[in-house]
Amino acid sequence: MTALLEIRDLKAEIAGKQILNGYDLTVKAGEVHAIMGPNGSGKSTLSYVLSGRPGYKITEGQALLAGADLSQMSVDERAAAGLFLAFQYPLEVPGVATMTFLRAALNAQRKKRGEEEMSSPDLIKRVKELAKILDMDMEMLRRPVNVGFSGGEKKRAETLQMMLLEPKLCILDETDSGLDIDALKVVSNGVNQLRSKDRGIVVITHYQRLLDYITPDVVHVQSAGRIVRTGGKELALELEETGYARYQSEAA
Amino acid sequence: MAAVQETVEQVRRVGADQYKYGFVTDIESDLAPKGLSEEIVRFISAKKNEPEWMLEWRLEAYRRWLTMTEPKWARVDYPAIDYQDLYYYAAPKSKAGPKSLDEVDPELLRTYEKLGIPLHEREILAGVERPEGEERPRVAVDAVFDSVSVATTFKEELKKVGVIFCPISEALREHPELVRKYLGTVVPASDNYFATLNSAVFSDGSFVYIPPGVRCPMELSTYFRINEKNTGQFERTLIIADKGSYVSYLEGCTAPKRDENQLHAAVVELVTLDDAEIKYSTVQNWYPGDENGKGGIYNFVTKRGDCRGANSKISWTQVETGSAITWKYPSCVLRGDNSRGEFYSIAISNGRQQVDSGTKMIHLGKGTTSRIISKGISAGRSSNAYRGLVSAHRKAEGARNFTNCDSLLIGGACSAHTIPYIEAKNPSCMFEHEATTSKISEDVLFYCMQRGLSQEDATALVVNGFVRDVLQQLPMEFAVEAQKLISVSLEGSVG
Ligand SMILES: Nc1ncnc2c1ncn2[C@@H]1O[C@H](COP(=O)(O)OP(=O)(O)OP(=O)(O)O)[C@@H](O)[C@H]1O
Ligand SMILES: [Mg+2]
Chain F
1 MTALLEIRDL KAEIAGKQIL NGYDLTVKAG EVHAIMGPNG SGKSTLSYVL
51 SGRPGYKITE GQALLAGADL SQMSVDERAA AGLFLAFQYP LEVPGVATMT
101 FLRAALNAQR KKRGEEEMSS PDLIKRVKEL AKILDMDMEM LRRPVNVGFS
151 GGEKKRAETL QMMLLEPKLC ILDETDSGLD IDALKVVSNG VNQLRSKDRG
201 IVVITHYQRL LDYITPDVVH VQSAGRIVRT GGKELALELE ETGYARYQSE
251 AA
Chain X
1 MAAVQETVEQ VRRVGADQYK YGFVTDIESD LAPKGLSEEI VRFISAKKNE
51 PEWMLEWRLE AYRRWLTMTE PKWARVDYPA IDYQDLYYYA APKSKAGPKS
101 LDEVDPELLR TYEKLGIPLH EREILAGVER PEGEERPRVA VDAVFDSVSV
151 ATTFKEELKK VGVIFCPISE ALREHPELVR KYLGTVVPAS DNYFATLNSA
201 VFSDGSFVYI PPGVRCPMEL STYFRINEKN TGQFERTLII ADKGSYVSYL
251 EGCTAPKRDE NQLHAAVVEL VTLDDAEIKY STVQNWYPGD ENGKGGIYNF
301 VTKRGDCRGA NSKISWTQVE TGSAITWKYP SCVLRGDNSR GEFYSIAISN
351 GRQQVDSGTK MIHLGKGTTS RIISKGISAG RSSNAYRGLV SAHRKAEGAR
401 NFTNCDSLLI GGACSAHTIP YIEAKNPSCM FEHEATTSKI SEDVLFYCMQ
451 RGLSQEDATA LVVNGFVRDV LQQLPMEFAV EAQKLISVSL EGSVG
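Chains as they are written, first to last, in my numbering: chain F, 1 to 252; chain X, 1 to 495.
Hints are computed from structural coordinates only; laboratory data are not their basis. Some hints here could point you the wrong way.
Residues of chain F placed beyond 10 Å of chain X at every Cβ, according to the derived structure [to be verified]:
1. F149
2. S150
3. Q161
4. R199
5. H206
6. V218
7. R229
Footprint (simulated), chain F over chain X, 3 or more residues, beta carbon under 8 Å [claimed, not checked]:
8. 183-189
9. 464-471
BS3-like cross-link-like pairs, simulated, lysine-lysine; straight-line CA separation at most 27 Å [stated by the list, open to error]:
10. F:K112 / F:K125
11. F:K168 / F:K11
12. F:K125 / F:K111
13. X:K243 / F:K111
14. F:K17 / F:K57
15. F:K57 / F:K128
16. F:K112 / X:K484
17. F:K17 / X:K439
18. F:K185 / F:K132
19. X:K155 / X:K34
20. F:K28 / F:K132
21. X:K439 / F:K57
Using N, Cα and C, we set each Cβ at its ideal position, and we do this for glycine too.
Just chain F, with the same shape it has in the complex:
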């Protein structure tokens, strides 16, 4: 069976500076992978390269989503194909009500896949259910996208978008940062509801406490633009003890 995400010897640069140095990663449907690694090791860069952010250039290697070469797809095509990125720093869209944004995004994806659009009443109903799971006030969804949201509220809103869009591959870039203890539980619960045999989830995080709630199948350590060690969930616990010092010297 083809893997959901297959990254082979990927090299990528931004502004002429090489950040990913021969990256290999395979995520199968049904799996949850955690990526950990020191600041500046290129974790967010990986997420941007996969989602096609302008300025990020693949110089060598390949990234395939369900067998399709991501580098041949536009940003919105990748999204419609099921790639979702929960941003480390979600952007604000002034003047655009969150509800309007959700409707536009969902229906744009459905249209690209040749599916029928979701009607407004159905959409509102669905969003209400999700808001309840994530303990969010509907009033917030009438406000412009992320404008004036607190750090934690932005992360909840990202999770809500992800749950509504039901992507095949979810990449969560430090979704736990900025969340208080209760919010961490609520958001993790939302993410766990997305766990399914058809879906792959990649969580980028610095902390074990997130993995206490979202138990990963595989844990990777990333350093200087590539994966330097892979293990089971106990690897995260080990990192908590030892830190990254040995990997940094290894990679250098």
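With chain F's structure known, arrange chain X with the ligands on it following the hints.
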């Protein structure tokens, strides 16, 4: 960079092809001979069976115009206009003055239908879908085709509450005392080059009178259409809201695609007496010319409202997407104590369009207040300038103004300018001014596209967010139309 580059490409492809109102109606016209002279002024006046005083008024304006020169201070650039090479009067041939809609030339009815303006009294203008059972708001329409009004709907029903809504040519015959009392009192015949020209040769337009204490029971609107080649359109609109009355009025306009430029020099005068309010909205969609700047309408318009009475209010809302060149400053003279003026504007320029637009708020009375919200969006190789004046007279004790001008740039080949003038002759007044200029954020576009929106949809969404404060000022039906129009004027096929 890549995303913005693509947007630029898209915007570049936009132009003539995107203008869906560019068709020509094949209809026989009555044309006055080309050129401008006393003869032509007399001809127009005679065609309309005007009273003698009106002809005199026109002739005086014409003589005055001969002594004036075209203004050159705006940030717009165009070849000299040959005023002798234009037609000043064009009217679709028909049996003199249709009495009812059944008598209107079917070709004309089809034209308005194609424009989305059905001239039936049971329908509304904009094609907004509503849940079943919910009543559609009704809108009375005056349709002006080249130099004449071809149909006005709901006249009878409006008459019942004393509202007069008719072509100005008809008002001159049926209500001469009202027209004479107010015409030229807001924009004098000598006001400026284009207004003076309009005073001499104006052909038609709408007249509205709302009697004291009446809240007009429906939206009133006028749709202007230029069809004939080489024809100037000089319409004149006069709206009077008597004491304690209220009216919401909307103006829309389109023209066929033609390689030649066409001149549109309108005058709009608004008067509010004590406690009255006029809300005037415009969705301006004249043909903007093709991507190389060939053809398009020169829109040189004088719009002014006079808050003559105490506690009265005039609010201008405009969505400007069309025209090759726009020169337009809807203004408020705040004469009555505690009167209020508002100006909400969205001006979009694309291709080679040039916009120089803004407003004037002239505070004369005590406690007068005004608010200006301007959103300029430039794309392609266009230029977009906001020019505004806020002034307070010595007697304007406690006058206040708040101005906010934001400009959004799409791509690197366009430009935006903000030119505010402030004159406060009374030390107690408070004028606040905020201005920003920004480029459409590539990061925000990426964020939207990561959620599945195409480049066009993402751009349209961001732009719609940018203009939201102003869109909210439009009557609901027109806000939806305007939103679509904004997408179309910026993108390829976004609808
Ligand atoms: N536009 C850019 N130009 C040059 N270097 C950049 C640019 N953007 C990112 N970088 C560099 O790329 C490297 C990887 O950054 P990245 O954000 O991917 O790290 P990260 O692993 O996500 O770190 P963190 O844990 O702090 O989120 C950093 O050294 C960063 O400075
Ligand atoms: Mg990061």
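| V218 of chain F: least C-beta distance to chain X exceeds 10 Å? | The claim holds: V218 of chain F sits with its nearest Cβ about 25 Å from chain X, beyond 10 Å.
| request: Would you mind confirming whether the straight-line C-alpha gap from K243 of chain X to K111 of chain F stays at or under 27 Å? | output: At roughly 53 Å apart (the allowed maximum being 27 Å), K111 of chain F and K243 of chain X break the hint.
| message | Hint check: K17 of chain F vs K439 of chain X, CA-CA at most 27 Å. Holds or violated? | response | holds (26 Å)
| message | So if I understand the rule, the pair passes when the alpha-carbon distance is 27 Å or less; does K28 of chain F with K132 of chain F pass? | response | This hinted pair is violated, its Cα atoms lying about 30 Å apart.
| request: With 10 Å as the threshold, tell me whether S150 of chain F passes as away from chain X on beta-carbon distances. | output: holds (18 Å)
| message | Does F149 of chain F clear chain X by more than 10 Å, comparing its Cβ with all Cβ atoms of that chain? | response | holds (14 Å)
| query | For the pair supplied as a hint, K439 of chain X and K57 of chain F, is the alpha-carbon distance within the 27 Å limit? | reply | Given pair K439 of chain X, K57 of chain F holds - Cα atoms ~23 Å apart, limit 27 Å.
| field | K155 of chain X paired with K34 of chain X [C-alpha distance capped at 27 Å] | value | violated (34 Å)
| message | Just to be careful, I want the Cα atoms of K125 of chain F and K111 of chain F compared with a cutoff of 27 Å; is the pair within it? | response | Given that 27 Å is the threshold and the Cα spacing comes to 20 Å, the pair holds.
| said: Please verify whether K112 of chain F and K125 of chain F have alpha carbons no more than 27 Å apart. | reply: holds (23 Å)
| request: Can you take a look at whether the segment 464-471 of chain X is actually covered by chain F? Rule is 3+ residues, C-beta closer than 8 Å. | output: holds (count 6)
| query | Are the Cα atoms of K168 of chain F and K11 of chain F separated by 27 Å or less? | reply | Holds. K168 of chain F to K11 of chain F sits at ~24 Å (cutoff 27 Å).
Comparing the model with each numbered hint stated earlier shows that hints 3, 8, 13, 15, 19, 20 do not hold.
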